[in-house]
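K.L.:
The lines below spell out each chain.
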Amino acid sequence: MAEHSTSYNPGTGVEKWLDERLPIIRFSKEHLMDFPTPKNLNYWWTFGAILTVMLAVQIVTGVVLAMHYAPNVALAFNSVEAIRRDVNGGRILQAVHSVGASMFFFAIYVHMFRGLYFGSYKAPREILWMLGCLIFLLLTATAFMGYVLPWGQMSFWGATVITNIFSAIPIVGDGIMQWLRGGFAVDNATLNRFFSLHYLLPFIIAAVVVLHTWALHVPGNNNPIGVEVKSSRDTVPFHPYYTMKDLYGVVLFLIPFAWFVFFAPDILGDASNYIMANSQVTPTHIVPEWYLRPFYAMLRAIDFNVLFIDSKLGGVIVMGGSLLVLFFLPWLDRSKVRSGTFRPMFKWFYWLFVLNFIGLTYLGAAPAEGIYVIIAKLCTLYYFLYFLVILPVLSRIETPRPLPASISESVLGAAH
Amino acid sequence: MATGAVGAVGVAAAVWPLIDQMNPDQSVLALSTAEFNIAPITEGQTVTVKWRGLPVFIRHRTPKEIQEAKAVPLSELKDPATDEQRTKAGHEQWLIMIANCTHLGCIPLGQSGDYDGWFCPCHGSQYDSAGRIRKGPAPKNLVLPPYKFLSDTMVQIG
Ligand code: HEM
Ligand code: FES
Numbered sequence: 001m002a003e004h005s006t007s008y009n010p011g012t013g014v015e016k017w018l019d020e021r022l023p024i025i026r027f028s029k030e031h032l033m034d035f036p037t038p039k040n041l042n043y044w045w046t047f048g049a050i051l052t053v054m055l056a057v058q059i060v061t062g063v064v065l066a067m068h069y070a071p072n073v074a075l076a077f078n079s080v081e082a083i084r085r086d087v088n089g090g091r092i093l094q095a096v097h098s099v100g101a102s103m104f105f106f107a108i109y110v111h112m113f114r115g116l117y118f119g120s121y122k123a124p125r126e127i128l129w130m131l132g133c134l135i136f137l138l139l140t141a142t143a144f145m146g147y148v149l150p151w152g153q154m155s156f157w158g159a160t161v162i163t164n165i166f167s168a169i170p171i172v173g174d175g176i177m178q179w180l181r182g183g184f185a186v187d188n189a190t191l192n193r194f195f196s197l198h199y200l201l202p203f204i205i206a207a208v209v210v211l212h213t214w215a216l217h218v219p220g221n222n223n224p225i226g227v228e229v230k231s232s233r234d235t236v237p238f239h240p241y242y243t244m245k246d247l248y249g250v251v252l253f254l255i256p257f258a259w260f261v262f263f264a265p266d267i268l269g270d271a272s273n274y275i276m277a278n279s280q281v282t283p284t285h286i287v288p289e290w291y292l293r294p295f296y297a298m299l300r301a302i303d304f305n306v307l308f309i310d311s312k313l314g315g316v317i318v319m320g321g322s323l324l325v326l327f328f329l330p331w332l333d334r335s336k337v338r339s340g341t342f343r344p345m346f347k348w349f350y351w352l353f354v355l356n357f358i359g360l361t362y363l364g365a366a367p368a369e370g371i372y373v374i375i376a377k378l379c380t381l382y383y384f385l386y387f388l389v390i391l392p393v394l395s396r397i398e399t400p401r402p403l404p405a406s407i408s409e410s411v412l413g414a415a416h
Numbered sequence: 417m418a419t420g421a422v423g424a425v426g427v428a429a430a431v432w433p434l435i436d437q438m439n440p441d442q443s444v445l446a447l448s449t450a451e452f453n454i455a456p457i458t459e460g461q462t463v464t465v466k467w468r469g470l471p472v473f474i475r476h477r478t479p480k481e482i483q484e485a486k487a488v489p490l491s492e493l494k495d496p497a498t499d500e501q502r503t504k505a506g507h508e509q510w511l512i513m514i515a516n517c518t519h520l521g522c523i524p525l526g527q528s529g530d531y532d533g534w535f536c537p538c539h540g541s542q543y544d545s546a547g548r549i550r551k552g553p554a555p556k557n558l559v560l561p562p563y564k565f566l567s568d569t570m571v572q573i574g
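Chain order of the listed sequences is A and F. Residue 147 in our numbering sits at position 147 of the first sequence, and the numbers go up by one each step. Residue 521 in our numbering sits at position 105 of the second sequence, and the numbers go up by one each step.
One thing to keep in mind: the hints can contain errors.
Said to hold, decoys possible - Derived DEER-like restraints, expressed as beta-carbon distance ranges:
(1) F/Q509 with A/L355: 26 to 36 Å
(2) A/A123 with F/K466: 53 to 63 Å
(3) F/T498 with A/F304: 18 to 28 Å
(4) F/A418 with A/L197: 50 to 60 Å
(5) A/Y43 with F/Q527: 53 to 63 Å
(6) F/S567 with A/F327: 55 to 65 Å
(7) F/Q509 with A/V172: 49 to 59 Å
(8) F/P433 with A/V60: 48 to 58 Å
(9) F/A418 with A/L18: 20 to 30 Å
(10) F/K466 with A/D86: 53 to 63 Å
(11) F/Q527 with A/I267: 31 to 41 Å
(12) A/L200 with F/W432: 43 to 53 Å
(13) F/E492 with A/L268: 42 to 52 Å
Hints in this document: simulated from the structure, not taken from any laboratory. For glycine and all other residues, C-beta sits at the position ideal for the given N, C-alpha and C.
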């Protein structure tokens, strides 16, 4: 946004000295304060800030937990119990971290569905979208490995089931599985490396977030009507307008977060994870945490062979594909109109997709029998149809409603 | 070009140990054989032992189970194997198999399901009284570890 060049004038000699060597104040002013932001952003746009806060919360509480946690099969379970009972304030710190993972996922889902509705993945924001998908993948891996650390029954069997997924790969699968586990079964070697990686990945996520923000600041924000910024009348400076709005959004978000932490820290978790890991007994009902269930439901839905692909490999392909397809979205939906608000047919399919996804979340925890199996298959089918058939076809046949000429016009009404 | 190629080989040589360190280490590999006394296992009883960190079922089958397993025509099986192939000659009553479901590795529950064998609670796979897959998402029969009978009451796995 060249027309908004920053008006930074170093006031003191020290500032001037710094500006000539490392223009960090100039940079911050340009990107965190003066950055021209569409003036019509709604509350769905506060989730980016909420996510940044959540990443910071997880890193800070995580580093603190790691001071008390012992990554060893004999000690891990009790060390987490000790954090919850003995460590000063540990009850709250541990709850913030484990509830925080859920809140993080809630926010990232809202953020992604926002992008899906308002067409934020379309040109010129493809890279921005793909970096977001990458963050989601990394977050999934981080949360999965974090969940293994308390070494409860669900930790152990979750790790067993998920590492087993890799054994579906023909020929090299078993080798990869044993390489990931560091043994023939999930054991101490697995726990140790998961701790190492669980510590590492959030910092990689933070680095990708920097790239994500960079890719955002090149084209600037999309907005609820999906019409690009045309003049400086369409924007306001990020500070104070959006710093304050984001802060308000963050505070609202922290209210349910705090409620869970203080009053129901375990309600989102599974009771079997308070039984120490036992490699000889599988819990009768294996379920991942709620935020991974949609993908787990799709994995399980494939219980039939297709040609030479057996059911196990098929399930893995479907689960992997459900994540991979997101990366290709910018090239699947060719409609020129970004915002779903102006796409009468798209809207219906979009909301059905949202319902379908919630349905998959539910099915991921339902028993794998009877009617549930059939519904899970239908939901999986719709998930893929939406991306691979419906969006490409809609972009050809749909007649969008007329778009406002500019952001200002949509906010203030057309000039007469 | 040549510099680049040498550099690439150098990098690969440096990266390989970083990857290889994640493979099972010597102490894990060293545990590869184990002997078990099966005399105390009575007919109709299953004992789960540990071999290479994996749970292994040792089941003393009843004559009814053996009969049922032998009666199944191969054409009904997803991963065809005869009962003879699943056991050792002269020791048909003993069924020794790795206890992880061939789907994603849960431990199936014994003597349940529709086939007088095992039922996996995770995603509903069912195995018959010879540990063969009959229903559900698992692609293969329960895996047989390498084992031999040292005597009528001693078995060596691995
Ligand atoms: C992307 C951010 C992160 C996510 C989504 C995440 C997620 C999780 C989850 C789901 C658990 C299991 C909690 C439970 O069920 O009790 C966990 C545990 C743990 N995490 Fe993280 N984590 C993140 C960042 C970090 C960081 C940066 C560190 C350390 C530097 C860390 C250290 C730990 C430790 C020590 C545990 C074991 C103690 C416990 O179970 O509460 N985490 N994490
Ligand atoms: S692990 Fe047994 S059915 Fe999936």
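K.L.:
Could you run down the list of hints and mark each one as holding or not?
P.N.:
Against the structure, the hints come out as follows:
Range check, F/Q509 to A/L355: Cβ separation about 54 Å, and the 26 to 36 Å hint is violated. Here the CB-CB span from A/A123 to F/K466 is close to 57 Å, well matched to the stated 53 to 63 Å. At roughly 25 Å, the beta carbons of F/T498 and A/F304 sit within the given window of 18 to 28 Å. Range check, F/A418 to A/L197: Cβ separation about 37 Å, and the 50 to 60 Å hint is violated.
Roughly 56 Å separates the CB atoms of A/Y43 and F/Q527, a value that falls within the hinted 53 to 63 Å. For the pair F/S567 and A/F327, the beta carbons lie near 59 Å from each other, so the given range of 55 to 65 Å is met. Distance hint check: the CB atoms of F/Q509 and A/V172 are about 37 Å apart, inconsistent with the given range 49 to 59 Å. For the hinted restraint 48 to 58 Å between F/P433 and A/V60, the CB-CB distance of approximately 34 Å leaves it violated.
In this structure the supplied range 20 to 30 Å is violated for F/A418 paired with A/L18, their Cβ-Cβ distance being about 46 Å. With their beta carbons about 32 Å apart, F/K466 and A/D86 fall outside the hinted range of 53 to 63 Å. The given range of 31 to 41 Å is respected by F/Q527 and A/I267, whose C-beta atoms sit roughly 36 Å from each other. As the Cβ distance of A/L200 to F/W432 is approximately 20 Å, the hint placing it in 43 to 53 Å is violated.
Here the CB-CB span from F/E492 to A/L268 is close to 44 Å, well matched to the stated 42 to 52 Å.
In this structure, the earlier hints numbered 1, 4, 7, 8, 9, 10 and 12 are contradicted, and the remaining ones agree with it.
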